[in-house]
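Engineer: Listed here are the chains, written in short residue letters.
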Amino acid sequence: MFQNIGEMVLLFWRTLRALPQVWRQREKVFEQFFEIGNASLLMVAVLSFFIGGVLALQTGPTMVERGLTNFVSGLVGISMARELAPIMMAILIAGRIGSAMAAEIGSMRVYQEIDALRTMNINPVNYLVLPRLIAITFALPMLVTFAILVGWLGGAVVAKATPAIDIPIQSFFESMKIMIDLRDVANGVFKSWCFAWIIGIVSCHQGLVTRGGPRGIGRSVTKAVVNSIVLIVMFDYVLTRLLLE
Amino acid sequence: MTNSTSTNHHGISVQVRGLKRDFGTQSVLKGIDLDVKPGEIFVLMGPSGSGKSVLLRHIIGLEKPDAGEILINGESIENDNVADKYRMAMVFQSGALLNSLTVGENVGLYLREHRLKSPEEIARIVAEKLEVVGLKDAEKKMPSELSGGMKKRVAIARALVIEPQLILYDEPTSELDPLSSIVIGEEILKLNERIGVTSLVVSHDRDLAFGIGHRIAVINEGQIAVMGTPDEVKRSDHPIVRNFIHADFKRAQ
Chain E
22 MFQNIGEMVL LFWRTLRALP QVWRQREKVF EQFFEIGNAS LLMVAVLSFF IGGVLALQTG
82 PTMVERGLTN FVSGLVGISM ARELAPIMMA ILIAGRIGSA MAAEIGSMRV YQEIDALRTM
142 NINPVNYLVL PRLIAITFAL PMLVTFAILV GWLGGAVVAK ATPAIDIPIQ SFFESMKIMI
202 DLRDVANGVF KSWCFAWIIG IVSCHQGLVT RGGPRGIGRS VTKAVVNSIV LIVMFDYVLT
262 RLLLE
Chain C
35 MTNSTSTNHH GISVQVRGLK RDFGTQSVLK GIDLDVKPGE IFVLMGPSGS GKSVLLRHII
95 GLEKPDAGEI LINGESIEND NVADKYRMAM VFQSGALLNS LTVGENVGLY LREHRLKSPE
155 EIARIVAEKL EVVGLKDAEK KMPSELSGGM KKRVAIARAL VIEPQLILYD EPTSELDPLS
215 SIVIGEEILK LNERIGVTSL VVSHDRDLAF GIGHRIAVIN EGQIAVMGTP DEVKRSDHPI
275 VRNFIHADFK RAQ
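Which chain is which? The protein sequence lines are E and C, in order. This note's numbering puts the first sequence at residues 22 to 266. This note's numbering puts the second sequence at residues 35 to 287.
Honestly, the hints are just simulated from the structure, not real lab data. One thing to keep in mind: the hints can contain errors.
[To be verified] Computed cross-link-like contacts, PhoX-like style, restricted to lysine-lysine with a CA-CA straight-line distance of at most 25 angstroms: (1) Lys64/C to Lys119/C; (2) Lys198/E to Lys181/E; (3) Lys98/C to Lys170/C; (4) Lys174/C to Lys71/C; (5) Lys119/C to Lys49/E; (6) Lys175/C to Lys49/E; (7) Lys71/C to Lys98/C; (8) Lys49/E to Lys151/C; (9) Lys119/C to Lys71/C.
Small disclaimer: the values here were computed from a predicted structure and weren't measured.
Put together the whole structure using the sequences plus the hints.
Structural biologist: See the structure below:
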């Protein structure tokens, strides 16, 4: 993975240089945005609802037992906003969308469609990478914002439904309001923005360097997902450090 | 490979000088020299794996040589402006149609992406080019719904939209039945006669090569074994060329 980092940085730079072309590619951007956002919405909702719920279930009874009832919602809220929503959604999107990007571009590479684009003087970065990167740059932060809200709701519902916690939904959100401010949400959204670039560039790069037939495409898809997740977790640590300071 | 819409239909020349290319330890092109004249149909023949398609990919700029140079109308293909100055197109062996686009979208892709015409004008040109290759009813179809021969004809229509001065065909009749091969061969001839395009055809189809080629080069193991008119090639006494040209299936007695 690490020997490809230089190539990925170069691809990122080329994509940034292609930004003035984005208006021309707007139809493809909307198409990709719909694919990433709309098609993932239900899965994001289910996943984040249960993550919020589990978080409340794991921490709630112990905290209530120690008289820290008011802190349950804060813990669920901050964990969801700063950490769990951005990283879990990024991993979900790396698996769902990163794999699709690598497979689509990889098969275009293997079946000479990218060569055909080049013979028509159509830059594959402008035509294939730019719309995908722009779409995921907007879609992932929006999905993460949605996931944070649903995660909070999941935590509140579980906190109310679990007798060992038993916090009314209104009280849950009132104490959360005291402990959380907009910066916590902005923190998570900023992280997701960085993760979106990682998924977009790693997946498109893997697609563009695909060699061989169907086995090569399979290998690229696996690498795109695994490399994205590894980089997301590593960058998560770095970003958390930077944002805490 | 240009954004120009000029209607200059004169073909362009191609010169290949000492072209060498290795893939790992395998030497695929071992110093190829050839000249293709403007408006000529030049056929590159040779056994599978002899380096024909690799040579074609170098001429269109998809590969970079280890040594030697390629000149398009006397200008090195390495010059950035060559791709913008001359209109070149390639018809791939598989057709290389974009599978996510319809036939019509594939054919109009060049004009649409380079914003050369209005959508109405593009639709008119697409219909016209598809009619030229006998596929006027296929515009809304997806590439997966087409036969191998139809895909190749769509690829030719896509190349025609560029109004090329040079067309490269990579195995245009492979995987086709004899009748479809004749249709493709006739398309190449008609195109050459109508717009004077220079055509470089890679094929190991002997009927096609001798039927349409003004000149033929036979490549063997990365080198040109024989080059000349179809008659000269037929008369060649080079053993590899004789074997290749006269090879025939012999039923066991």
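Engineer: Please go over all the hints and tell whether each is borne out by the structure.
Structural biologist: Against the structure, the hints:
no.	hint	verdict
1	Lys64/C to Lys119/C	29 angstroms, violated
2	Lys198/E to Lys181/E	17 angstroms, holds
3	Lys98/C to Lys170/C	38 angstroms, violated
4	Lys174/C to Lys71/C	38 angstroms, violated
5	Lys119/C to Lys49/E	29 angstroms, violated
6	Lys175/C to Lys49/E	20 angstroms, holds
7	Lys71/C to Lys98/C	23 angstroms, holds
8	Lys49/E to Lys151/C	19 angstroms, holds
9	Lys119/C to Lys71/C	18 angstroms, holds
In this structure, the hints that do not hold are numbers 1, 3, 4, 5, in rising order.
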